[in-house]
Amino acid sequence: MLKMTDLHTELKESIVEQLNLEEMEPADISDEEPLFGDGLGLDSIDALELIVLLEKDYGIKLTEPEQGREIFVSINKMAQFIEENRTK
Amino acid sequence: MQKELYIKHWVKIKAGKIFDVEETFLATEEKDLNTFLKLGYQRLQISYPKFHKMDGLSKLGILASEIISRKHSFSKETALIFSNAASCLETDEEFQNSMQNFPSPATFVYTLPNIVLGELSIRHGLQSENSFFVSPQFDAALLVDYSTNLINTKMAPQVLCGWIDLQSGEYDVFLCLISSEGKTQFSEEMLRKIYYAENDRPTHRT
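Protein chains in written order, with the numbering used here: chain A, 1434 to 1521; chain B, 28 to 233.
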């Protein structure tokens, strides 16, 4: 099992790669920064990609896409949710 | 009375080259499509992070339109009339492949050829008429008829029209800005002449 700080780093790397944030380094993303809106500026399609990422990398299947609103608030929030619900 | 129309500017992207009527912006032997598109983005010094999320067809459209818009700004009524032979086949195939594991929503949204028109409209703030035609080959008559009609009926003051094709990693782009100002006459013959010049391998479906 990854340490929480390693999970944060892994998540940032996955987000940069999966969402094609080519002008950004994983280290540019802070743990508390909002992922949507004024923060990282992700959009609704990115939210769907994050849902796919949860299932593919951590075996977490969201049954309600609206759950994403509470989970994809920040890297901290995502990492906490993954720790509590991961199946792989 | 019908206005005389002109090709105000044109740009081509083909076989490692990005060039317009005045200059060559990039000439490279790079064979990989994504690397070539990124080189074009860097060479043109575009700052638009959304570019990296787009499919190949939309990236080609952004690069070509960027060159024209820097020399002749687009009003928000500038219409877009594009055409090609392969539709969005490359992206369709990519999405189909992704379905074997986890289908990608970000790829799915580009599985329509006219998405490039939406991306250009967002990039340049256009609120105008647009259409995308899939033809077996470059159809100058269609582009002249449609563009002329739009301008003469005052539906658009100018039209960005042309061919933007991508199949099997090979790209063939020829976009031109049509307006009532300019020096090069807008005609089927002239469109064909520019399109086929330095284009010994046009992308056609035969």
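Derived from the structure by calculation, the hints contain no laboratory data.
Watch out, some of these pointers could steer you wrong.
[Claimed, not checked] Capping the alpha-carbon separation at 27 Å, the derived lysine-lysine pairs in DSSO-like fashion look like this:
#1 103/B x 58/B
#2 80/B x 30/B
#3 80/B x 103/B
#4 77/B x 1489/A
#5 210/B x 181/B
#6 1494/A x 1510/A
#7 65/B x 41/B
#8 80/B x 1489/A
#9 58/B x 181/B
#10 1510/A x 98/B
#11 44/B x 80/B
#12 1510/A x 80/B
#13 220/B x 98/B
#14 210/B x 80/B
#15 80/B x 1494/A
Quick rundown of the hints versus the structure:
The hinted pair formed by residue 103/B and residue 58/B fails the criterion: a straight-line CA distance of about 35 Å is larger than 27 Å. Note on residue 80/B and residue 30/B: the hinted pairing is violated, with a Cα-Cα distance of about 40 Å set against a maximum of 27 Å. Annotation: proposed proximity of residue 80/B to residue 103/B holds, straight-line Cα distance about 24 Å (limit 27 Å). A distance of roughly 24 Å separates the Cα atoms of residue 77/B and residue 1489/A; the hinted pair therefore holds under the 27 Å criterion.
Annotation: proposed proximity of residue 210/B to residue 181/B holds, straight-line Cα distance about 21 Å (limit 27 Å). Proposed proximity of residue 1494/A and residue 1510/A is supported: the alpha carbons are some 17 Å apart, at most 27 Å. For the given pair, residue 65/B sits about 15 Å from residue 41/B by alpha-carbon distance, which is consistent with the 27 Å threshold. For the hint linking residue 80/B to residue 1489/A, the alpha-carbon distance of about 20 Å falls within 27 Å, and the restraint holds.
Taking the CA atoms of residue 58/B and residue 181/B, the gap is near 43 Å; set against the 27 Å cutoff, the hint is violated. A distance of roughly 46 Å separates the Cα atoms of residue 1510/A and residue 98/B; the hinted pair therefore is violated under the 27 Å criterion. At roughly 22 Å between alpha-carbon atoms, residue 44/B and residue 80/B fall within 27 Å of each other, so this suggested pair holds. In summary, the hint linking residue 1510/A to residue 80/B is supported, as the alpha carbons are separated by about 25 Å, within the 27 Å threshold.
A hinted pair counts as satisfied when its Cα atoms are at most 27 Å apart, and residue 220/B with residue 98/B qualifies at roughly 22 Å. Proximity of residue 210/B to residue 80/B is assessed by CA-CA distance (about 37 Å); at most 27 Å being required, the pair is judged violated. Annotation: proposed proximity of residue 80/B to residue 1494/A holds, straight-line Cα distance about 24 Å (limit 27 Å).
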